Amino acid sequence: EAGVVQSPRYKIIEKKQPVAFWCNPISGHNTLYWYRQNLGQGPELLIRYENEEAVDDSQLPKDRFSAERLKGVDSTLKIQPAELGDSAVYLCASSSGRRDTQYFGPGTRLTVL
Amino acid sequence: GQQLNQSPQSMFIQEGEDVSMNCTSSSIFNTWLWYKQDPGEGPVLLIALYKAGELTSNGRLTAQFGITRKDSFLNISASIPSDVGIYFCAGARTGNQFYFGTGTSLTVIP
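Chain order of the listed sequences is A and B.
Note that the working numbering has the first sequence beginning at 12, numbered continuously upward.
Note that the working numbering has the second sequence beginning at 359, numbered continuously upward.
Hints listed in this document are in silico derivations from the structure and should not be mistaken for laboratory results.
Possibly wrong hints are sitting among the right ones.
Which bits of chain A does chain B cover? Going by a derived footprint, with three or more residues having C-beta under 8 Å, they are [as the list claims (entries may be wrong)]: (1) 50 to 59; (2) 95 to 108; (3) 112 to 124.
Here are some of the chain B residues that sit facing chain A, going by a computed Cβ distance under 7 Å [as the list claims (entries may be wrong)]: (4) 361; (5) 397; (6) 400; (7) 406; (8) 446; (9) 458; (10) 460; (11) 461; (12) 465; (13) 468.
Fair warning: this is a prediction, and the values are worked out from it, not measured in the lab.
Just so you know, even glycine gets a beta-carbon here, dropped at the ideal spot from N, CA and C.
Let's have the full structure, built from the sequences with the hints guiding it.
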């Protein structure tokens with residue numbers, strides 16, 4: 012069974028540029044999460060989807076961040092415009108919902124210059 | 359968002375030694391998960407716990423769901439160099455909303 016797939020793995024951009032991250036969850040997993048992980052810290056939730064519905068986006072900075080999961084499968088997280096403080100690892104995770112467990116992708120390391 | 363308290367923050371041990379770390383919360387959780395994260399990779403699930411007092415093993419790793427439901431413990435026996443990494447706990451109250459710990463960095467000296 013394939014794991015959670017994320018791309019790109021690394022992205023370097025200049026501030027004020029837009030950037031997008033893509034995630035394909037484990038097949039059959041209805042719940043999808045986007046996390047941000049700053050250096051030396053644990054992951055912090057940005058948004059959680061149940062199928063195509065965003066059920067928890069309270070930590071998503073909505074002035075510059077947006078996300079979509081149109082068909083309830085893969086998802087895209089966008090930042091526009093990026094700021095220096097957005098440099099972090101962006102992790103995607105998915106869960107089947109049958110038990111409280113989630114599996115992570117390898118992450119996208121974003122560097123904003 | 360809420361972050362759980364993990365201790366110790368870092369550990370330096372000799373190969374072959376046993377390791378203990380814990381995670382505490384001010385809130386009651388119904389699920390505890392333990393992950394290991396290698397540099398440049400996403401967290402990998404090690405052990406999942408679903409009931410207070412539950413003790414679960416995965417090879418040399420053993421984790422326990424605290425009786426108070428506000429803490430969890432992870433033990434690694436007979437450490438080896440590949441155990442090096444950052445260990446995170448995660449807790450959930452209901453549904454699929456998880457909160458993560460601050461991490462314990464483990465270094466194993468051969």
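Do the hints match the structure? See the list:
{"no.": "1", "hint": "50 to 59", "verdict": "holds (count 7)"}
{"no.": "2", "hint": "95 to 108", "verdict": "holds (count 4)"}
{"no.": "3", "hint": "112 to 124", "verdict": "holds (count 8)"}
{"no.": "4", "hint": "361", "verdict": "holds, 6 Å"}
{"no.": "5", "hint": "397", "verdict": "violated, 11 Å"}
{"no.": "6", "hint": "400", "verdict": "holds, 4 Å"}
{"no.": "7", "hint": "406", "verdict": "holds, 5 Å"}
{"no.": "8", "hint": "446", "verdict": "holds, 5 Å"}
{"no.": "9", "hint": "458", "verdict": "holds, 3 Å"}
{"no.": "10", "hint": "460", "verdict": "holds, 6 Å"}
{"no.": "11", "hint": "461", "verdict": "holds, 6 Å"}
{"no.": "12", "hint": "465", "verdict": "violated, 15 Å"}
{"no.": "13", "hint": "468", "verdict": "violated, 25 Å"}
Comparing the model with each earlier hint shows violations of hints 5, 12, 13; every other hint is respected.
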